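Please model the complete structure; the sequences and the hints are all you need to start from.
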Amino acid sequence: MADCEKMITVQRKLVTYKNMPDITEESGKPMTSVDLSKREDMDANQLKNEGNTLFSAGNYREAIKLYSQALKQCTENSTESATLLKNRAAAYLKLGEYHKVVKDTSAALEIIPADVKALFRRCQAYEKLEKYSDAFKDARAVNHLDPKNSAITPILTKLNIKMQEIAKEQASTMNKVKTMFEYLLGEETSAENRLQAANNIVVLAKEKAGAEMIMQESGVTKLLAAMKLEKNEEISLAVIRALGELCKNNIPRTYRILDEIGPSFLIENLNSDSENYVTAVQYFIQVILNVLSGMDVKEGKKADKKLLKENETMIDTIMETLVKSVSSRVMSALGRDSLLELIMKNVEYESLNWGNKLVSSEGLWGLLEVAGELQEIHYESNMRITGRTLSHVAVALERIYFCMECDKHRENYRNKVLEFINDKLRGMDIENKVRATRTITALLQGPVDAGNACLGQKGVVEMMLAMASSDDELQQKVSAEAIIAAASKKDKCTAIVSMGTDILKKLYQSKNENIKVRALVGLCKIGSSGGFDASIKMFSEGSSLKLAKACRKFLINPKKDKDLRKWAVEGLSYLTLDADVKEELLEDKAAIQSLIELTKEGDLSVVYGCVTTLVNLTNSYDTEEIIPELVELAKFAKQHVPETHVKDTKEFIDKRVKALADSGVTIALVALSKTESKNCKEMIARVFNAICEQQELRGAVVQQGGAKVLVNLALEGTDKGKLTAAQALSRIAITMNPEVAFPGQRCAEVVRPIMALLHPECKGLQNFEALMALTNLAPVSPSVRERILKDAGITKIEEYMYQDHEMLRRAATQCLANLMVSNDVIKLYESPNNDRVKFLVLISDDEDLETAKAASGALAMLTNVSKKACKKVFEVNAWLEILCKLSANADKEICHRGVAIVFNLIHASHSCAEKIIETNLLEILMALTRPEVDDVPQKVKDLAQEALKKGEEWRLIKTNTGEPDSD
Numbered sequence: 007m008a009d010c011e012k013m014i015t016v017q018r019k020l021v022t023y024k025n026m027p028d029i030t031e032e033s034g035k036p037m038t039s040v041d042l043s044k045r046e047d048m049d050a051n052q053l054k055n056e057g058n059t060l061f062s063a064g065n066y067r068e069a070i071k072l073y074s075q076a077l078k079q080c081t082e083n084s085t086e087s088a089t090l091l092k093n094r095a096a097a098y099l100k101l102g103e104y105h106k107v108v109k110d111t112s113a114a115l116e117i118i119p120a121d122v123k124a125l126f127r128r129c130q131a132y133e134k135l136e137k138y139s140d141a142f143k144d145a146r147a148v149n150h151l152d153p154k155n156s157a158i159t160p161i162l163t164k165l166n167i168k169m170q171e172i173a174k175e176q177a178s179t180m181n182k183v184k185t186m187f188e189y190l191l192g193e194e195t196s197a198e199n200r201l202q203a204a205n206n207i208v209v210l211a212k213e214k215a216g217a218e219m220i221m222q223e224s225g226v227t228k229l230l231a232a233m234k235l236e237k238n239e240e241i242s243l244a245v246i247r248a249l250g251e252l253c254k255n256n257i258p259r260t261y262r263i264l265d266e267i268g269p270s271f272l273i274e275n276l277n278s279d280s281e282n283y284v285t286a287v288q289y290f291i292q293v294i295l296n297v298l299s300g301m302d303v304k305e306g307k308k309a310d311k312k313l314l315k316e317n318e319t320m321i322d323t324i325m326e327t328l329v330k331s332v333s334s335r336v337m338s339a340l341g342r343d344s345l346l347e348l349i350m351k352n353v354e355y356e357s358l359n360w361g362n363k364l365v366s367s368e369g370l371w372g373l374l375e376v377a378g379e380l381q382e383i384h385y386e387s388n389m390r391i392t393g394r395t396l397s398h399v400a401v402a403l404e405r406i407y408f409c410m411e412c413d414k415h416r417e418n419y420r421n422k423v424l425e426f427i428n429d430k431l432r433g434m435d436i437e438n439k440v441r442a443t444r445t446i447t448a449l450l451q452g453p454v455d456a457g458n459a460c461l462g463q464k465g466v467v468e469m470m471l472a473m474a475s476s477d478d479e480l481q482q483k484v485s486a487e488a489i490i491a492a493a494s495k496k497d498k499c500t501a502i503v504s505m506g507t508d509i510l511k512k513l514y515q516s517k518n519e520n521i522k523v524r525a526l527v528g529l530c531k532i533g534s535s536g537g538f539d540a541s542i543k544m545f546s547e548g549s550s551l552k553l554a555k556a557c558r559k560f561l562i563n564p565k566k567d568k569d570l571r572k573w574a575v576e577g578l579s580y581l582t583l584d585a586d587v588k589e590e591l592l593e594d595k596a597a598i599q600s601l602i603e604l605t606k607e608g609d610l611s612v613v614y615g616c617v618t619t620l621v622n623l624t625n626s627y628d629t630e631e632i633i634p635e636l637v638e639l640a641k642f643a644k645q646h647v648p649e650t651h652v653k654d655t656k657e658f659i660d661k662r663v664k665a666l667a668d669s670g671v672t673i674a675l676v677a678l679s680k681t682e683s684k685n686c687k688e689m690i691a692r693v694f695n696a697i698c699e700q701q702e703l704r705g706a707v708v709q710q711g712g713a714k715v716l717v718n719l720a721l722e723g724t725d726k727g728k729l730t731a732a733q734a735l736s737r738i739a740i741t742m743n744p745e746v747a748f749p750g751q752r753c754a755e756v757v758r759p760i761m762a763l764l765h766p767e768c769k770g771l772q773n774f775e776a777l778m779a780l781t782n783l784a785p786v787s788p789s790v791r792e793r794i795l796k797d798a799g800i801t802k803i804e805e806y807m808y809q810d811h812e813m814l815r816r817a818a819t820q821c822l823a824n825l826m827v828s829n830d831v832i833k834l835y836e837s838p839n840n841d842r843v844k845f846l847v848l849i850s851d852d853e854d855l856e857t858a859k860a861a862s863g864a865l866a867m868l869t870n871v872s873k874k875a876c877k878k879v880f881e882v883n884a885w886l887e888i889l890c891k892l893s894a895n896a897d898k899e900i901c902h903r904g905v906a907i908v909f910n911l912i913h914a915s916h917s918c919a920e921k922i923i924e925t926n927l928l929e930i931l932m933a934l935t936r937p938e939v940d941d942v943p944q945k946v947k948d949l950a951q952e953a954l955k956k957g958e959e960w961r962l963i964k965t966n967t968g969e970p971d972s973d
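Counting with my numbering, you get residues 7 to 973 for the letters of the sequence shown.
Check before you lean on any hint, since a few could be wrong.
Said to hold, decoys possible - Here are the simulated lysine-lysine pairs, DSS-like style, with alpha carbons at most 30 Å apart:
1) LYS873 to LYS945
2) LYS512 to LYS522
3) LYS552 to LYS522
4) LYS164 to LYS214
5) LYS422 to LYS522
6) LYS237 to LYS311
7) LYS254 to LYS164
8) LYS182 to LYS311
9) LYS956 to LYS921
10) LYS315 to LYS214
11) LYS898 to LYS956
12) LYS552 to LYS680
13) LYS802 to LYS874
14) LYS315 to LYS945
15) LYS304 to LYS595
16) LYS769 to LYS873
17) LYS552 to LYS656
18) LYS254 to LYS796
19) LYS164 to LYS71
20) LYS143 to LYS106
21) LYS664 to LYS680
22) LYS595 to LYS653
23) LYS684 to LYS802
To be clear, the hints were calculated from the coordinates, so they are not data collected in a lab. On a predicted model such as this, the values are computed, not experimentally measured, just so you know.
Structure, rendered in structure tokens:
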């Protein structure tokens, strides 16, 4: 039975893809170096090929020059730039410039995280720089991604030995902590060593023992001293990260740290113009709130009510500080956006449920002040904002509104909003009217009810229309944005839309392109209010195509600023509900590439327009199932029936998805996934899922960092968005080796979201794909199996074994077979209070051959290790009939499983063996061992022979010696 487990484990066919060469010439023909004077006329590809030729000739310096020149011509974060970075790193490696190798390979890995060549070259550089821990990490990643790579094996072995030597040298954690603080605070320590010490303290803080010893050594005081000793952003960054690690999962330690640093420390450090630094401080604050409330997104933990109550005072102090600071005139633009993100993340009911407190503490007024800010108004007293501040504050306002749990609270929210707007409109100052309109725009993009309440105020709509008709371009711009935000679907159009259409047409004639593009978007939105119903046309035939053409002109013109291109994409997000517009857009390669490149930049102000356009192009929005009978009934009743455009059929959709994937849409989605908007996260998940529906595209999604993003999307966002991301993860896990697709701990992280698809409200396809994904994940490791079994996981899987649907029953049984190696599963089946073994015996006789194989395989594994389970087999009335069918089956795999089960039963105990020997199973075993039976595998014959021998040992079978009986 040594090979029983291997025999039964279900493995899907894996999709593999080769790493494309990056140094070698694509044509295969020898290339000659060109004259230096001609290089200025060469494009990026020609420069790369010329650089490759120089590299092959050993002229590494000149090759580096050409790669650098080619990089200037490439779009940032494109696959082409990643290839050039790797090539340049290879040249630096030859020259021994290892720091530059690390820099280039790290940049390439930011674009393509699982690139084996980049990892290998960085590993070599780290080794030369004596950064053995980093080198070892990269070497392991290479070995994991490409196990057949023979070049990494000796390096991995050498690094492993080196790591062991280092571990022996630094055995004492306390000595390490003391040494690092001595370096960190030493007056004669160089800046480089001081930074290295700070980073080492971050590493130590991640370890339980290290964190405790840092606190024992008055670590917080020393870390704060290090920040003051040398005004170095990288050291301060390391200090913030170390403090965050010290807080993790430890409430007493968090209180000690907060007592020493105070809430003001958080705001002071958030007030920075460095994006990396602001991100680190934001993460630190979120860690504190998570610890105090018991939240953990990755583990699916919502805030613990008991902890919220116990730590209410400290949580309220921190949140009040954040809310108060969001409208501070001295706060940096990045810091303000970070504060808004923290508020929107934590204010929700499932988080800190801080919405009512925020409204009652006048925090809502401060957020509305931020919403009314414009970058075009320049005063020293103005708040500094970014292009994405408006969308951030809109999301924050919306989430606060959703926290209002009753009509009274919602009415209070709306009254405070109206009070703010009316306060702005009391005076005759045009600036206040502009700010009020800007705030209404944010409300219409967020809590629509509150925005509509503002529009319902007497004179507000007229004021906005008057602003749109004025000669002041700022007024025109702000009012046009408000009209766009107010426009909705046909059945929900407000008065501002009906009165504003003619004004938008007039504004579209403006010479100011900022006004023109906004008017264009307004017209696009109104023109698309029929949705994807091909029978509804708001404008004349062909108008949508003309509007789309105008949007594409703004989009592809590199001379246009990003703001104009952003609005052009938003216009397309409405128009691409029209199938003709979709096809025309896909045919415009320049427009598609501009769209992809714009999204790759990761500017979250463009996220809505970009992802909505991509959802429309891939038809990944929700559509109601059209039942022919109901359609005929609706026609008979003379009711309107939505029509599907011929270009929205599956054939066209698949082509569009493939074209987008080939254009690099995955990298764009990865960049946009940083958004805090749950609706946008859902749309990103929809596009990913549409791509993953096509098997041949899944490898590229993983290679370009999509799998990591999908794990995050499956843990945070709308319920539908999380399930959609989980389905995409399932599809990847079905056809790819999970250890490659989800390296390291990520294999365990994907289990919980995939398990969420095993819900009665999910579609059958989602159930099926989840079961197949879990089937492939189960053999990976014990930790993965533990995750699957957590929270009654085995019960959820078994429920599908009872289904009438053949494919669901088969997938669930195959999943169970792979889980049968778990001791916890064995114990469940051994329990006297269930009929699990009985059902497993019965389903081994299933009509579906694959289901029977999986069930009999699981039963063979179970009876191999459990004598209790062996006894339970005989509790089934039809046990003999089923075992005979299995053992004498024409299918060799089922026959093998059947004989293995019989073998296990005979070995289990004398009583079990006796029941087997007394039946026809003895004759079957004897028949299988006969030499003339040549259609049975030898391993089955051997197994049958061993079973008969055990029967002899039990003295249940008498050996035929050829001698007559003595009596």
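Comparing the hints with the structure gives:
Between the alpha carbons of LYS873 and LYS945 the distance comes to roughly 23 Å, so the proposed pair stays at or under 30 Å and holds. The suggested pairing of LYS512 with LYS522 holds, with an alpha-carbon distance near 9 Å, which does not exceed 30 Å. Under the criterion of a C-alpha separation no larger than 30 Å, the hint pairing LYS552 with LYS522 is consistent with the structure, at around 15 Å. Pair hint LYS164 plus LYS214 holds up; C-alpha atoms about 29 Å apart against a cutoff of 30 Å.
Annotation: proposed proximity of LYS422 to LYS522 is violated, straight-line Cα distance about 34 Å (limit 30 Å). A threshold of 30 Å between alpha carbons decides the hint, and for LYS237 with LYS311 the separation of about 41 Å lies outside it, so the pair is violated. The straight-line distance between the Cα atoms of LYS254 and LYS164 is roughly 34 Å, outside the 30 Å bound, and the hint therefore fails. The straight-line distance between the Cα atoms of LYS182 and LYS311 is roughly 39 Å, outside the 30 Å bound, and the hint therefore fails.
This hinted pair checks out: LYS956 and LYS921 have alpha carbons roughly 14 Å apart, not beyond 30 Å. Taking the CA atoms of LYS315 and LYS214, the gap is about 27 Å. The hint holds against a cut of 30 Å. As the CA atoms of LYS898 and LYS956 are separated by approximately 23 Å, the hinted pair is consistent with the 30 Å bound. A threshold of 30 Å between alpha carbons decides the hint, and for LYS552 with LYS680 the separation of about 33 Å lies outside it, so the pair is violated.
Pair hint LYS802 plus LYS874 holds up; C-alpha atoms about 24 Å apart against a cutoff of 30 Å. A C-alpha spacing of about 64 Å is found between LYS315 and LYS945, which places the hinted pair above 30 Å, so the restraint is violated. With a C-alpha separation of about 39 Å, the suggested pair LYS304 and LYS595 falls outside the 30 Å cut-off, and the hint is violated. For the hint linking LYS769 to LYS873, the alpha-carbon distance of about 39 Å lies beyond 30 Å, and the restraint is violated.
Taking the CA atoms of LYS552 and LYS656, the gap is near 26 Å; set against the 30 Å cutoff, the hint holds. The straight-line distance between the Cα atoms of LYS254 and LYS796 is roughly 23 Å, inside the 30 Å bound, and the hint therefore holds. Our distance criterion of 30 Å between C-alpha atoms is broken by LYS164 and LYS71, whose separation comes to about 34 Å. Among the hinted pairs, LYS143 with LYS106 is consistent with the structure: their alpha-carbon atoms are about 19 Å apart, no more than 30 Å.
Only pairs whose Cα atoms come within 30 Å are accepted, and LYS664 paired with LYS680 is accepted, the gap being roughly 24 Å. For the suggested pair LYS595 and LYS653, the alpha carbons sit about 19 Å apart, so the restraint of at most 30 Å is met. Our distance criterion of 30 Å between C-alpha atoms is met by LYS684 and LYS802, whose separation comes to about 28 Å.
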